[in-house]
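Novice: Sequence:
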Amino acid sequence: MSETSNASTESTRSGRTSPVTFYRQVVAELRKVVWPTRSQVANYFVVVLFFVLVMMAIVAGLDYGFGKLMFWVFA
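In full-length UniProt numbering, the protein residues as written are 1 to 75.
Hints are computed from structural coordinates only; laboratory data are not their basis. It should be emphasised that the depicted structure is a prediction, and the values quoted were computed from it without experimental measurement. Note that the Cβ used here is the ideal one computed from N, Cα and C, for glycine as well. Do not rely on the hints blindly, as some may be mistaken.
[Claimed, not checked] Simulated DEER-style distance windows between Cβ atoms:
| no. | residue 1 | residue 2 | range |
| --- | --- | --- | --- |
| 1 | GLN25 | PHE45 | 22 to 32 Å |
| 2 | ALA28 | TYR64 | 33 to 43 Å |
| 3 | GLN40 | VAL20 | 54 to 64 Å |
| 4 | PRO19 | LYS68 | 56 to 66 Å |
| 5 | VAL41 | GLY61 | 52 to 62 Å |
| 6 | PHE74 | VAL33 | 33 to 43 Å |
| 7 | PRO36 | GLY61 | 26 to 36 Å |
| 8 | ARG16 | PHE45 | 33 to 43 Å |
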């Protein structure tokens, strides 16, 4: 029990890991990632593109409407 507390105290005391250890940890974490397939990426791209285009249309419509309203009120 005291050995693990000593090891954790020492690691928190130093606060830094070596670049080699950091690289190994990064590679280990990247191996845990579930990468999407090509068709999933294409599907997500289409969904995001459609959403962005819809939001652009909404914002452009509101901008046009408020612009016309301001010209009507102040002209």
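Novice: Does each hint fit the structure? Answer for all of them.
Specialist: Now the hints, each set against the structure:
no., hint, result
1, GLN25 / PHE45: 22 to 32 Å, "holds (31 Å)"
2, ALA28 / TYR64: 33 to 43 Å, "violated (52 Å)"
3, GLN40 / VAL20: 54 to 64 Å, "violated (34 Å)"
4, PRO19 / LYS68: 56 to 66 Å, "holds (60 Å)"
5, VAL41 / GLY61: 52 to 62 Å, "violated (30 Å)"
6, PHE74 / VAL33: 33 to 43 Å, "violated (55 Å)"
7, PRO36 / GLY61: 26 to 36 Å, "holds (33 Å)"
8, ARG16 / PHE45: 33 to 43 Å, "holds (39 Å)"
Of the numbered hints given earlier, the model fails hints 2, 3, 5, 6; all others are met.
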